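Using the hints, position chain F against chain L.
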Amino acid sequence: MNPALITLMLTAALVVFSYEMYVKLALLWRLAPENRFDQMGRRLAKLFHLGLAQEKLIGRKHERSSGAMHFFIFWGFVVLGLREIIVFGEGFQSGFQLGLPIIGATSFLGYAYTFAYDLFEAIVAAMVVFALYRRVVIKPTRLEVSMEAYLILGLILGVVGTDLLFGAAKENLIVLHGHAIPYMSSSVYGTEMDWSPMAGLIAWLISGWNEGALIFVYQFAYWGHLGIVLVFLCILPASKHFHVITALPNVLFVSLGRPHTPIALMDLESEEAWEKETIGLNRIEQLTWKQGLDLYTCTECGRCHDICPTYVTGKPLTLKWFNDDLRHHLLEEAGNILRTGASSGEKSLVGDVISHDTLWACTTCRACEEVCPVGIEHVPRIIAMRQGQILMHENYPEELNSTFKGLERNGNPWGIGYDKRSDWAKGLDIPILGLTGETAQSVPDNLDVVMWVGCMGAYDARNQKIARATATLLQKAGVRFAILGNAEKCIGDLARRSGNELLYQTLARENVETLNRHKVTHVVTQCPHCLNSLKNEYPQLEGKYEVFHHSQYIARLVDEGRLVLDPALEGTVTFHDPCYLGRYNGEYDAPRTLLAKSARQEPVEMHRSRNESFCCGAGGARMWMEETIGTRVNEERVRQAVEVNAETIVTACPFCMTMIDDGIKQTGRDETMHVRDIAEVVLDSLVAPPATDSTDAH
Amino acid sequence: MRHRADFSGGELNVIVLIKHVIDVELNVRVRDGSVVQDGMTYVLSKWDENAIEAALVLKDAHDGEVTAVTIGPERSGESLRKALAMGVDKGVHINDPATEGSDSMGYARILAKTVTRQPYDLILAGRQSQDTDQGGTGPMLAELLNIPLVGNVVEIAAVDGTKLTAHRNGDAGKEVVEVTLPALLTANDSLNEPRLASLRGIMAAKNKPMEILTLADLEIDPATVGAAGAGTEVVEMQPPRARAAGQKFEGAPEEITKEVMGLLVNEAKIFG
Numbered sequence: 001m002n003p004a005l006i007t008l009m010l011t012a013a014l015v016v017f018s019y020e021m022y023v024k025l026a027l028l029w030r031l032a033p034e035n036r037f038d039q040m041g042r043r044l045a046k047l048f049h050l051g052l053a054q055e056k057l058i059g060r061k062h063e064r065s066s067g068a069m070h071f072f073i074f075w076g077f078v079v080l081g082l083r084e085i086i087v088f089g090e091g092f093q094s095g096f097q098l099g100l101p102i103i104g105a106t107s108f109l110g111y112a113y114t115f116a117y118d119l120f121e122a123i124v125a126a127m128v129v130f131a132l133y134r135r136v137v138i139k140p141t142r143l144e145v146s147m148e149a150y151l152i153l154g155l156i157l158g159v160v161g162t163d164l165l166f167g168a169a170k171e172n173l174i175v176l177h178g179h180a181i182p183y184m185s186s187s188v189y190g191t192e193m194d195w196s197p198m199a200g201l202i203a204w205l206i207s208g209w210n211e212g213a214l215i216f217v218y219q220f221a222y223w224g225h226l227g228i229v230l231v232f233l234c235i236l237p238a239s240k241h242f243h244v245i246t247a248l249p250n251v252l253f254v255s256l257g258r259p260h261t262p263i264a265l266m267d268l269e270s271e272e273a274w275e276k277e278t279i280g281l282n283r284i285e286q287l288t289w290k291q292g293l294d295l296y297t298c299t300e301c302g303r304c305h306d307i308c309p310t311y312v313t314g315k316p317l318t319l320k321w322f323n324d325d326l327r328h329h330l331l332e333e334a335g336n337i338l339r340t341g342a343s344s345g346e347k348s349l350v351g352d353v354i355s356h357d358t359l360w361a362c363t364t365c366r367a368c369e370e371v372c373p374v375g376i377e378h379v380p381r382i383i384a385m386r387q388g389q390i391l392m393h394e395n396y397p398e399e400l401n402s403t404f405k406g407l408e409r410n411g412n413p414w415g416i417g418y419d420k421r422s423d424w425a426k427g428l429d430i431p432i433l434g435l436t437g438e439t440a441q442s443v444p445d446n447l448d449v450v451m452w453v454g455c456m457g458a459y460d461a462r463n464q465k466i467a468r469a470t471a472t473l474l475q476k477a478g479v480r481f482a483i484l485g486n487a488e489k490c491i492g493d494l495a496r497r498s499g500n501e502l503l504y505q506t507l508a509r510e511n512v513e514t515l516n517r518h519k520v521t522h523v524v525t526q527c528p529h530c531l532n533s534l535k536n537e538y539p540q541l542e543g544k545y546e547v548f549h550h551s552q553y554i555a556r557l558v559d560e561g562r563l564v565l566d567p568a569l570e571g572t573v574t575f576h577d578p579c580y581l582g583r584y585n586g587e588y589d590a591p592r593t594l595l596a597k598s599a600r601q602e603p604v605e606m607h608r609s610r611n612e613s614f615c616c617g618a619g620g621a622r623m624w625m626e627e628t629i630g631t632r633v634n635e636e637r638v639r640q641a642v643e644v645n646a647e648t649i650v651t652a653c654p655f656c657m658t659m660i661d662d663g664i665k666q667t668g669r670d671e672t673m674h675v676r677d678i679a680e681v682v683l684d685s686l687v688a689p690p691a692t693d694s695t696d697a698h
Numbered sequence: 001m002r003h004r005a006d007f008s009g010g011e012l013n014v015i016v017l018i019k020h021v022i023d024v025e026l027n028v029r030v031r032d033g034s035v036v037q038d039g040m041t042y043v044l045s046k047w048d049e050n051a052i053e054a055a056l057v058l059k060d061a062h063d064g065e066v067t068a069v070t071i072g073p074e075r076s077g078e079s080l081r082k083a084l085a086m087g088v089d090k091g092v093h094i095n096d097p098a099t100e101g102s103d104s105m106g107y108a109r110i111l112a113k114t115v116t117r118q119p120y121d122l123i124l125a126g127r128q129s130q131d132t133d134q135g136g137t138g139p140m141l142a143e144l145l146n147i148p149l150v151g152n153v154v155e156i157a158a159v160d161g162t163k164l165t166a167h168r169n170g171d172a173g174k175e176v177v178e179v180t181l182p183a184l185l186t187a188n189d190s191l192n193e194p195r196l197a198s199l200r201g202i203m204a205a206k207n208k209p210m211e212i213l214t215l216a217d218l219e220i221d222p223a224t225v226g227a228a229g230a231g232t233e234v235v236e237m238q239p240p241r242a243r244a245a246g247q248k249f250e251g252a253p254e255e256i257t258k259e260v261m262g263l264l265v266n267e268a269k270i271f272g
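Just so you know, the sequences run in chain order L and F.
So for the first sequence, our numbering puts the first residue at 1; every next one is plus one.
So for the second sequence, our numbering puts the first residue at 1; every next one is plus one.
Hints were generated in silico from the structure; no laboratory data involved.
Please read these numbers as outputs of a predicted model, since none were measured by experiment.
Just a few of them, taken from the derived set where beta-carbon distance is under 7 Å, the chain F residues facing chain L:
#1 GLU25
#2 LEU26
#3 ASN27
#4 GLY39
#5 VAL43
#6 GLU193
#7 LEU196
#8 SER198
#9 LEU199
Virtual Cβ for every residue (Gly too), placed ideally from N, Cα, C.
One chain only, chain L, in its complex shape (with noise of 0.2 Å):
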């Protein structure tokens, strides 16, 4: 065509490109280091799975039709990549791809390939028009009218439609103008018009046109094509589809802790850290360069923004927008920052960029990562945001400072006397480990199990309920366990939600010190987030045991029929699965096992269920924080379950309990709803207790 054009323009294009991916490049290279070039192998299974297979994109139900349409969009630009090397090699030199190895006029892969782009050519662009009539007709609600979409969607069709066109010209200018242009042709395999049926129906199309307007639009689908994929690359760079580049990295980096990684544990008396100013996230240069990563991903589908409890009841925390917000002052701070390897600090990260509503409107649920596609890490940003809010800046919602009191006097957030901590157990008999003295229940030899009651279920009277009803299905199965009475202390979940690691910490270390000074190897407890710190985050601290949710731990006694059950529970049920249960520790099964076998009727699912269940609005410390914007996310989950004609609520968590037992009152339903946990609902449907030898006393 005309190689000297050709070089220019490529030359320009990349000179751009590559200025635009040095400033990202560098970015990132300047942020915090983290590793994760660990574990190779799993990621690359994540790879396969997030970006290949695009698990999230067509793997979830609410969002099947747009997710296949990004898969074969994905897998249209895969297909096309090798495309354009073609083309553009076609400038240089008239049948390129005819003496290349592999793909060339000899091989059937040539012919199959040529089959392959052909046919997701007019894939994509159907894809594309699809894309379209999502944005202007259906209108879904996570996304925005933005100007950059269409542009991108114009260009991509414009890529697919330009080189359609040139195939379809170039073919009528062989066949039907006798013109010498090569072309791919082999005695075995046929032509490559023979494997081009989409170019050929456009070919016949335009088949009544004549020489002079073929050879304008051969001409001028090349050049437009070429044009338009040169464009593309330069702007995807610095568009929020800079996630076709970054998308596929980003998946390979993810975090693989299962299901999450836990919070790192802090050095609070590191005066380095104290000097820097990295006690939690103050500044934006203080992101890992992963972080950094997740922003230049976001596309702002929104998919974050449905799911998150706090957006639907009009809190103003939107991931996509936080992220937004995030991506634009690392961006604005690029010179700064590539410079001086410090941010100006003009705007502060917590109350310019990100407001204080948005940091302490999270609930830490993480249904946003649930359902990311590629994989964002939005949670643990929040955390340390509000690490650095309440340890550096000590700005933070005044409630919490009645609730940071009663966990350190008392260690519980109400602040009542520590030694009340186990009166709910008066009269069931229950060994307490430690404590001497008259009235001392004897601790039995060889323990199953220490049974961790959890603040709620210690002190709140709807919760005590759950207590006793977990202790007694464990005495009826002869179980042999004890608690530690008064001598448990939070768990610390909801100091480190909010940021207080400082409290966490001192919390936690006296809690394993007590139950490694017992022994203690197997813990159950029925509180998810006791469960989460427990198993996922006292092993920082070298507390190590063996941790089930009560849930779990009952399914087991049910299968190895120490517990036999007929079921009782009657009316219409529905599970709500909570986060630190589900999507913290990946347990959605046990619970709804136990209660299919408790339910008369068949349970039935909200539409918001499992990993993608929608939180009670407790989390994330947010139970202790007054809730004052928009609606009560309790009183949506309670709507969400008069849905599904539920009128048993049953959960596994006190805070969920607590939440949706309020729900169901501020909307004035307790006449006709009631909430339940597992352990109750199973303690009601159990039949005598089987024969047992155990050698425990009850």
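Then chain F, alone, in the frame of chain L:
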């Protein structure tokens, strides 16, 4: 005995009186006429936290130094350290066995000797301590120092040069009081929301001065304080009576009203 700091520079030097008390959230048990110490934990008395907070707010606005003073055994140092971690500059701990058994007057005598060792503009205290609920020490100290007292303060409205305006909850409503400094104020818990000791504060507190004094250091005759010098004597301790369980009423509002009114009049005898 008026001791004024030089206020010309606008600095306000404040002394806060604090007490380390039994955590009243706990089940306080009494055996043989005294409190069972086993399992007891001690905390900073809650109104004293308000006093500290008020002092720190004043310090932010006017500069100057905040000194916290406490009387008590070794363990009382914990509350002083907490005060330092909250932001108080200096701690004074009067730790002498002879102070044991002091009544309010005894404490006031010790404090009078203590606070006059340095110039001050303002003394803040909780309106009462959480353990004995007497509320006597503050007013008695003001009397001994011959300085004005505003008790049960809910707002410190203005401080200028030599005068301070405070709002206090009185019997008939809120009273606005202007006093000449130095003065003594006792804090109501609605005065403010006390801050928590921050991590930075806890670290900084390690390097703050803490003075430990005996009665001899203060030139106080032990016979005038402690059990020996007390004008009052605790004859007997009794555990608080357990509250009866609440009662839940169900039915139509009119019936419930009638039932509750009946109980209030006949059983609780609130009108009689």
